[in-house]
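Asks: Here is what each chain is made of, one letter per residue.
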Amino acid sequence: MERSRNDVWVGLFVLVGLAAVLFLALKSANLLSLNLQSDYRVTAKFDNIGGLKPKAAVKSAGVVVGRVETIMFDDKAFQARVTLALESRYAFPKDSSLKILTSGLLGEQYIGIEAGADEKLLAAGDQVTATQSAVVLENLIGQFLFSKAAEGNGAQEAGGKK
Amino acid sequence: MSWYKPADTGYATRRLLAGWGHGARLLLRLFVLFGASFRRFGLVRDQIFFLGNYSLAIISVSGLFVGFVLGLQGYNTLQRYGSAEAVGLLVTLSLVRELGPVLTALLFAGRAGASLTAEIGLMRSGEQLSAMEMMAVDPVRRILAPRFWAGVIAMPLLAAVFSAVGVVGGYVVAVPMIGIDSGAFWSQMQGGVDVWNDVGNGVIKSVVFGIAVTFIALLQGYEAQPTPEGVSQATTRTVVMASLSVLGLDVILTLLMFSL
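Taken in sequence, the protein lines are chains A and B.
Just so you know, we're using numbering that gives the first Met the number 0 here: the first sequence kicks off at 0 and counts up by one.
Just so you know, we're using numbering that gives the first Met the number 0 here: the second sequence kicks off at 0 and counts up by one.
It is possible that some hints are incorrect.
[Said to hold, decoys possible] Chain A side only, calculated, beta carbon under 7 Å to chain B, not exhaustive:
{"id": "1", "residue": "Asn5"}
{"id": "2", "residue": "Val9"}
{"id": "3", "residue": "Phe12"}
{"id": "4", "residue": "Gly16"}
{"id": "5", "residue": "Ala19"}
{"id": "6", "residue": "Val20"}
{"id": "7", "residue": "Phe22"}
{"id": "8", "residue": "Leu23"}
{"id": "9", "residue": "Ala24"}
{"id": "10", "residue": "Ser27"}
{"id": "11", "residue": "Ala28"}
{"id": "12", "residue": "Asn152"}
[Claimed, not checked] Far from chain B, by Cβ distances over 12 Å, these chain A residues were calculated:
{"id": "13", "residue": "Trp8"}
{"id": "14", "residue": "Leu14"}
{"id": "15", "residue": "Glu118"}
{"id": "16", "residue": "Leu144"}
What the hints contain is simulated information worked out from the structure, not anything from laboratory work.
Predicted model, so just to flag it, every value in this text is computed and none were measured.
Backbone N, C-alpha and C define an ideal beta-carbon position, used for all residues, glycine too.
Turn these sequences into a full structure, and let the hints guide you.
Replies: Spelled out as structure tokens, the structure:
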């Protein structure tokens, strides 16, 4: 094939374009750190996951140690079944407990792991039994109103007996 | 009803269908000529040089400005909710998913599409295309296909340059000017941007836009009336139709890709 002066410039153009794609993939989407770490999957059942979403962080002591992979509804237990992908370099005792927490007042929800004391470690496919659901604001308000109303009734009854 | 003749409706429908048929057949031929274009890559290369390299300046300058503006406006809104660090995420997602491919396609339609239409329309009105046919040279294979594939190759590269320069523009506004922490800027972005869902779909979008814009430009030039007015109308139609179809296709692609 014939060579031409344009070869250099077209080559540079294509390289600049590919470099831009690479920049977006590596720098803004962080392709390398996502795919090079192997992980193991652990399931857990929650009564209520609140606003938890797939790909939410799993943190222990504030450090991201994994991601939420899938969230499904289990129609046998009527609970949410959450699959977590934990990074292989982190191991946790078998009796570790999971909590759904919120970062900041209005922030994203994430799962916090608190390490237990068991000598055996969590392995792929295990199920974590000790879980604590997300705090749902409506339930909190409901409980508050209910306890207030109960107090009020108690006071009235006490007054009536006098 | 003397003003309405059913024959008019019939004629208009038939002409519309014939126009679509011509267009579809040309598009099919351009796709089939993929291999033939790349066997004579010199033709495609010269067109990439013309469509791509010469558009690089306008694309990167526009990308930088759009990145600046997104950074400033995004900061203005986000700092009310105390999450100014997310400005990097906002800039990158807007650029990679929407603004990069769409604005690049609009600029590409104005910068490269119009010149393609004018070039081919003038070839037609100067009867150069007919002369080629007389010499048994297929103008679709020799003239249109290299331009088409050059446009389809150049467009995603330009869109990627636009987005990347825009991200750098957003960084320049957010970190040195406003004073957001550099680490938080990048980590928020990396936490929220997915390689396949965001960057990959943006690339798919820009390929689709490249096909649409280049094809419309070539079709308008190829079917232009061989007069000065005809070429000028065809050039105008290229810019209008290419811009509208880019925006319309963007709605459809966004619905398919990001609506879940």
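Asks: All hints, please: hold or fail.
Replies: For each hint, the structure was consulted:
Satisfaction of the interface hint for Asn5/A is found here, the shortest Cβ-Cβ separation to chain B being roughly 4 Å, below the 7 Å cut-off. Using the Cβ-Cβ criterion of 7 Å, the hint placing Val9/A at the interface with chain B is satisfied: the shortest such distance is roughly 5 Å. Annotation: Phe12/A was flagged as interfacial toward chain B, and the flag holds, the nearest CB pair being 5 Å apart, inside 7 Å. For the restraint placing Gly16/A at the interface with chain B, the shortest Cβ-Cβ distance is roughly 3 Å, inside the 7 Å limit, so the hint holds.
Among the interface hints, the one on Ala19/A holds; its C-beta lies about 4 Å from the nearest C-beta in chain B, closer than the 7 Å criterion. For Val20/A, the suggested interface contact is upheld, since its CB lies about 4 Å from the closest CB of chain B, less than 7 Å. The beta carbon of Phe22/A is positioned within 7 Å of a beta carbon in chain B (closest approach about 5 Å), and the interface hint is therefore held. Evaluation of the Leu23/A hint against chain B yields a held restraint, the C-beta minimum of about 5 Å falling below 7 Å.
Here the hint on Ala24/A is kept, as its CB sits about 5 Å from the closest CB of chain B, short of 7 Å. Because the closest C-beta pair between Ser27/A and chain B is about 5 Å apart, less than 7 Å, the hint holds. With a cut of 7 Å, the hint placing Ala28/A at the interface with chain B holds, because the nearest CB-to-CB distance is about 4 Å. This hint is violated: Asn152/A has a C-beta 41 Å from the nearest C-beta of chain B, more than the 7 Å allowed.
Not every C-beta of chain B lies more than 12 Å from that of Trp8/A, the closest at about 5 Å, which undercuts listing it as non-interface. Remark: the non-interface label on Leu14/A conflicts with the geometry, its nearest Cβ contact in chain B lying 9 Å away (cut-off 12 Å). Residue-level check passed: Glu118/A sits 34 Å from the nearest beta carbon of chain B, beyond 12 Å. Annotated as non-interface, Leu144/A keeps its C-beta farther than 12 Å from every C-beta of chain B; the closest such distance is 29 Å.
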